[in-house]
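Student: Sequence:
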Amino acid sequence: MKYDCEIINIVEDEVTVRIGDACITGFVNCGIMKKIGQEAIVEVLLYDDLEIAQCDEKKLSIERKNQTFEYSLFGILDIDRGILKSVINFEIDKEELYDYGYLDGKQVKIDVLRIDLDFE
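With this note's numbering as the guide, the letters of the sequence shown map in order to residues 1 to 120.
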């Protein structure tokens, strides 16, 4: 999904952005022509295989694992729209959701290896 963001930090291919109240550090694979403090439009993409599990905790959050690109995302899974409703919404490829129909509308935790950021 695409969002308006503020660029907080840039270290080579690691970029931190603020989208609303959420800060996300992601991977930029084609370089970035923006500067710290600039506003930009960014597409937020979930990279590689996702680990999706039902979660008893009722929370919407984005939690970075240590100082890596890995995250745990908590929110409500919407199978029909192919999104995780969290602090921000994350688009999920419908093929990734094929085996998770039983989790539609439920609170889930999704572990991702990396969040990719693609700037316009």
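Please note that a few of the clues may not be correct.
Simulated restraints on C-beta separations [to be verified]: (1) Asp4 / Arg114: 30 to 38 Å; (2) Asp4 / Tyr47: 36 to 44 Å; (3) Asp78 / Gly37: 21 to 29 Å; (4) Lys35 / Glu57: 18 to 26 Å; (5) Ile36 / Lys85: 25 to 33 Å; (6) Ile10 / Lys106: 18 to 26 Å; (7) Asp80 / Met33: 22 to 30 Å; (8) Lys2 / Leu113: 18 to 26 Å; (9) Glu57 / Gly37: 15 to 23 Å; (10) Arg64 / Gln107: 15 to 23 Å; (11) Lys85 / Glu51: 27 to 35 Å; (12) Gly82 / Arg114: 28 to 36 Å.
The hints are simulated quantities; they were obtained by calculation from the structure and are not laboratory data. Note that the Cβ used here is the ideal one computed from N, Cα and C, for glycine as well.
Student: Confirm or reject each hint.
Tutor: Cross-check of the supplied hints:
no.: 1; hint: Asp4 / Arg114: 30 to 38 Å; verdict: violated, 22 Å
no.: 2; hint: Asp4 / Tyr47: 36 to 44 Å; verdict: violated, 22 Å
no.: 3; hint: Asp78 / Gly37: 21 to 29 Å; verdict: violated, 34 Å
no.: 4; hint: Lys35 / Glu57: 18 to 26 Å; verdict: violated, 38 Å
no.: 5; hint: Ile36 / Lys85: 25 to 33 Å; verdict: holds, 30 Å
no.: 6; hint: Ile10 / Lys106: 18 to 26 Å; verdict: violated, 37 Å
no.: 7; hint: Asp80 / Met33: 22 to 30 Å; verdict: violated, 37 Å
no.: 8; hint: Lys2 / Leu113: 18 to 26 Å; verdict: holds, 22 Å
no.: 9; hint: Glu57 / Gly37: 15 to 23 Å; verdict: violated, 35 Å
no.: 10; hint: Arg64 / Gln107: 15 to 23 Å; verdict: holds, 20 Å
no.: 11; hint: Lys85 / Glu51: 27 to 35 Å; verdict: violated, 18 Å
no.: 12; hint: Gly82 / Arg114: 28 to 36 Å; verdict: violated, 19 Å
Taken one by one, the earlier hints fail for this structure at numbers 1, 2, 3, 4, 6, 7, 9, 11 and 12, listed in ascending order.
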